[in-house]
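S.K.: Going down the list, the sequences are from chains V and Z. Counting from 1, one number per residue, gives the positions in the first sequence under the working numbering. Counting from 1001, one number per residue, gives the positions in the second sequence under the working numbering.
It is possible that part of the hints are untrue.
Only some residues are given here: those of chain Z computed to face chain V with a beta carbon under 7 Å [as the list claims (entries may be wrong)]: (1) Val1015; (2) Glu1053; (3) Ser1057; (4) Tyr1062; (5) Tyr1065; (6) Pro1067; (7) Gly1069; (8) Gly1071; (9) Ala1145; (10) Gln1148; (11) Ser1164; (12) Pro1168; (13) Thr1169; (14) Ser1210; (15) Phe1212.
Simulated coverage check for chain V against chain Z, where a stretch passes if three residues somewhere in it have a Cβ under 8 Å from a Cβ of chain Z [said to hold, decoys possible]: (16) 50 to 60; (17) 78 to 92; (18) 166 to 175.
By construction, these hints were calculated from the structure, which means they are not laboratory data. Cβ atoms here follow ideal geometry from the backbone N, Cα and C, with glycine treated the same way.
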Amino acid sequence: MSDLLIVHSAGPNVTVQDRGRSGTLAYGLSRGGAMDRLALAEGAALLHQSDDLAVLEMAGVGGRFEATRDLRIALTGAEMRATLDGARLIWGASHLLPRGAVLDIGPVLSGVYGYLHVGGGIDTPQVLGARSAHLAAGLGRVLAAGDQLPLGADRGSATGNILPRDTRFGGGVVRVSPSLQTELFPQDQLDRFVRTRFIRDTRANRMGVRLESAGEGFHVPGGLSVVSELIVPGDIQVTGDGAPFVLMAESQTTGGYPRIGTVLPCDLPRVAQTPAGAVLEFRFVTREVALEAERRYRSGVKALAGQLKPLVRDPHDIRDLLSYQLISGAIAGDEL
Amino acid sequence: MTDSLVRSFPIVRSVGTDGLLVSFGDRLSEPANRAALAFRAAVDRAGWAGVEETSTSLVSAYLRYDPLGPGGDDLRPRLAALLAERDWSAAELPQGRRFFRIPTVYGTHMAPQLSEAAAAAGLTAAQAIASISQARVRVTTIGFAPGQPYLGELPEVWDIPRQSALTPTVPVGALVVAIRQLVLFSVTTPTGWRHIGQTAFRLFRPESASPFVLRPGDEAQFVPVAPEDLANMEADPDGGATCAVIR
């Protein structure tokens, strides 16, 4: 019997995720996978393992977990309050979760999606080529108390490293490419689109993120009768009420509502991690800029492993400080 | 559409950073749909380096590729050369097509927008049921949700737009209509199309060896049944549907 990660409690939206599915688009099943793919890479760097191993994605709040073996973990994505047997754990870092110890991951502090990575990955069975829950398709489900997840074999040993904190957790400017339907929008609407400070709506999930703005909505003349066409993650769809919707990991694969633009893949983690109420703005970029941005994103991912720093424990966080032999090696001053 | 958007097809366009779309029309037509299906099959056969996934929509074939990887820069010229090889709109439909007759409850509380859709088409509810249920429609593409077919083309009167606001949710097996097409839902989802019929047909069976039941080119007819008859078919994943190979 394999080692397990035991779920003692789970927030309302904790799922197993990986990089999602390739090859199912033609059957109407979108790629799915982690909402913040950069977090997958960060966790992989922290644990010195592949980024195609499955992790737990936690929207808004985590849960209480325990492992049946000593387990390397990494905490990435949106920072959440985390403790190990009551002692505070630093986010964006790797740690050792001893067998039987209790890992508590509480509410999010900034951003939306936190990730719990484990050494060897979560080893649930693959369905249609991936372990990702695809909630919109009815594949897999959110985790609940009592779930026991098999753990993959861990060939690594490193823990106690930290990555520099990224800035993608509070909204900001997001780059977009023109979409198939961008030119259907009148120029004054496109101008207004890039001038608008959008507020991320509370209506958001793994399918898409709705955006609110103070001014009037966006409309294509005759836009309710365009031919249904392929959708890719990052497409910004404008439905009849005029509010843009950024389509995300579990988006539909085709649709007839016009898309005003497509968020660059490397900027999608920022959209995913923008909390409700925070501001997002959009800027159209050329194909050359989009490709250069992708190139930089990939070299940034490759460079993550080189940015690891050893965790320095803050004495305030060391619960059993008094049991440490802090004075061993000190000298009394009268030795010869 | 404005005059500046009139183009000659086929055209190749970028989709996002990592996709190419070859479109054979700007509205659904039978030849454009056949061309898209045949062209995607030809791309799959070609096995070009860099292509990660292919698909079709109603009138287009799609390729996802690595724009920074080997082969990425060669794809546009390769697509142009493949397009020039033949008249793709004259291509045959896929082989092994099947005809499904799917029991359907029209209207009632199970499909509450029948009257509204009929009115949009200028028909009475009874005329609408007769028109839809007598139509033999073809799967033009699988999309939106897993295994979910777009079916067409319905008579001209059904050229009705989508709703301006989304219906918050329709159930699995819902038959919806807009722009001369039907969609049969494989998941519970919001939609801008009007819910006119309800079936017990399961389109996505992830636990099965063939998880996606329908394929582009298959044909279907939505046969009217009473609500109590459909209730008896709920336990059957086919929802009482029959299937015959088209020869």
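S.K.: Does each hint hold? Answer for all of them.
M.R.: The hints, checked one at a time:
no., hint, in the structure
1, Val1015, "holds, 6 Å"
2, Glu1053, "holds, 5 Å"
3, Ser1057, "holds, 4 Å"
4, Tyr1062, "holds, 5 Å"
5, Tyr1065, "violated, 12 Å"
6, Pro1067, "holds, 6 Å"
7, Gly1069, "violated, 10 Å"
8, Gly1071, "violated, 15 Å"
9, Ala1145, "holds, 5 Å"
10, Gln1148, "holds, 5 Å"
11, Ser1164, "holds, 3 Å"
12, Pro1168, "violated, 11 Å"
13, Thr1169, "violated, 12 Å"
14, Ser1210, "violated, 10 Å"
15, Phe1212, "holds, 4 Å"
16, 50 to 60, "violated (count 0)"
17, 78 to 92, "violated (count 0)"
18, 166 to 175, "violated (count 0)"
Hint compliance for this structure: hints 5, 7, 8, 12, 13, 14, 16, 17 and 18 are not met, and every other hint is.
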